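Enquirer: Listed here are the chains, written in short residue letters.
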Amino acid sequence: MNAPYDENRIVLTDEQVRRRRGRSIAIALSLALFVVLVYAVTVVKLGPGVLVRPL
Amino acid sequence: MAGVEDYLALLKPRVMSLVVFTALVGLLVAPGHVHPVIGFTALLCIAIGAGASGALNMWYDADIDAVMTRTKSRPIPAGRVQPGEALAFGAMLAVFSVATLGVLVNWFAAALLAFTIFFYVFVYTMWLKRSTPQNIVIGGAAGAFPPMIGWASVTGDVSLAPVLMFLIIFLWTPPHFWALSLLKSDDYARAGVPMLPVVAGHDETRRQILIYSLILAPVGLAPSLLGFAGILYGVVALACGAMMLMLAWRVYRDRKGQPAVSAARKLFGFSLLYVFLLFAALLADYELVSLGWLR
Numbered sequence: 000m001n002a003p004y005d006e007n008r009i010v011l012t013d014e015q016v017r018r019r020r021g022r023s024i025a026i027a028l029s030l031a032l033f034v035v036l037v038y039a040v041t042v043v044k045l046g047p048g049v050l051v052r053p054l
Numbered sequence: 000m001a002g003v004e005d006y007l008a009l010l011k012p013r014v015m016s017l018v019v020f021t022a023l024v025g026l027l028v029a030p031g032h033v034h035p036v037i038g039f040t041a042l043l044c045i046a047i048g049a050g051a052s053g054a055l056n057m058w059y060d061a062d063i064d065a066v067m068t069r070t071k072s073r074p075i076p077a078g079r080v081q082p083g084e085a086l087a088f089g090a091m092l093a094v095f096s097v098a099t100l101g102v103l104v105n106w107f108a109a110a111l112l113a114f115t116i117f118f119y120v121f122v123y124t125m126w127l128k129r130s131t132p133q134n135i136v137i138g139g140a141a142g143a144f145p146p147m148i149g150w151a152s153v154t155g156d157v158s159l160a161p162v163l164m165f166l167i168i169f170l171w172t173p174p175h176f177w178a179l180s181l182l183k184s185d186d187y188a189r190a191g192v193p194m195l196p197v198v199a200g201h202d203e204t205r206r207q208i209l210i211y212s213l214i215l216a217p218v219g220l221a222p223s224l225l226g227f228a229g230i231l232y233g234v235v236a237l238a239c240g241a242m243m244l245m246l247a248w249r250v251y252r253d254r255k256g257q258p259a260v261s262a263a264r265k266l267f268g269f270s271l272l273y274v275f276l277l278f279a280a281l282l283a284d285y286e287l288v289s290l291g292w293l294r
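First to last, the sequence lines map onto chains A and B. The opening residue of the first sequence carries number 0 in numbering that gives the first Met the number 0; numbering runs sequentially from there. The opening residue of the second sequence carries number 0 in numbering that gives the first Met the number 0; numbering runs sequentially from there.
Accuracy of the hints is not assured; some may be wrong.
Partner residues aside, some chain B positions facing chain A, computed with beta carbon under 8 Å [said to hold, decoys possible]: (1) PRO30; (2) VAL33; (3) ILE37; (4) THR40.
Everything labelled a hint here was simulated from the structure, so no lab data went into it. These numbers were taken from a predicted model, which means no experiment stands behind them. Cβ coordinates follow ideal geometry from the N, Cα and C atoms, glycine included.
Isolated chain A, as found in the complex (with noise of 0.2 Å):
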């Protein structure tokens, strides 16, 4: 079902969109680019040893 249209809501223009485009873009590759980083120190930190934990 659609929203009800509202005439007084914020059209953002094409380069509006543009910008909020890159920064969305941006924001998901710091994400990623995160988990990678905790991936990595973990594995570097840890080693074989990520799978030795008690039971």
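Following the hints, position chain B against chain A.
Expert: Chain B in isolation, oriented as in the chain A frame:
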């Protein structure tokens, strides 16, 4: 609406390049071994922490930046980023960089990074910058901490060698910034920032530049004299120190017209090179000694 490039500009990338380089040298010359992934993580956190400081500085100083020609096109005074956005961006990155450095590297280095951000934002930006002509002398400590953080990322502590690296940048900051402020004193006066040339005059600034350069040159040599670095570093530090002194002397001597402008501009330009050359020489010296090619 702000684009990615505006947020990157908030991080002051040119300042960040010096921070990253000096931190890298501190990290590589520290005794002990650090895994490249941990080293990269430490540098990334230090870079982002420095960027966060820059964003918070731009948030607080937006009123000053708007009236200075050098800074009026920055994202906040130009209206591309809202002050609240810059504050949130800077605060989030500051917390995130310190926490990540603590969890993934070590908490001593994280504490140093937190102190550096605190010092730059609260002590320099909010307190000293608008209240004393000694602003950049004391505030320069914030820019001098990165090699110490790099060192602490490996060792988990601090010794005399990183203190010397700290001192080199700390003593280099006044001649570097005062050379710039001689060229931009009208800007600072209009913004009401009590930089030394505005408060004490250009002649006193020239005298102080010469005094700090006279202290900087021997301190720059200290790593070799105290045995932390070898002959290669010593030669580079001696040559760069002599050059710095000669240019500072010219700033002191040439006080009028185009020669005065030219002398200040040359000192400012070379001072940037000075730090890069000294830290590059420190790294090269350390690596050559490690390889056994130099004693």
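Enquirer: Against each hint, give a clear statement of whether it holds in the structure.
Expert: Consistency of the hints with the structure:
no., hint, in the structure
1, PRO30, "violated (20 Å)"
2, VAL33, "violated (10 Å)"
3, ILE37, "holds (6 Å)"
4, THR40, "holds (6 Å)"
Comparing the model with each earlier hint shows violations of hints 1, 2; every other hint is respected.
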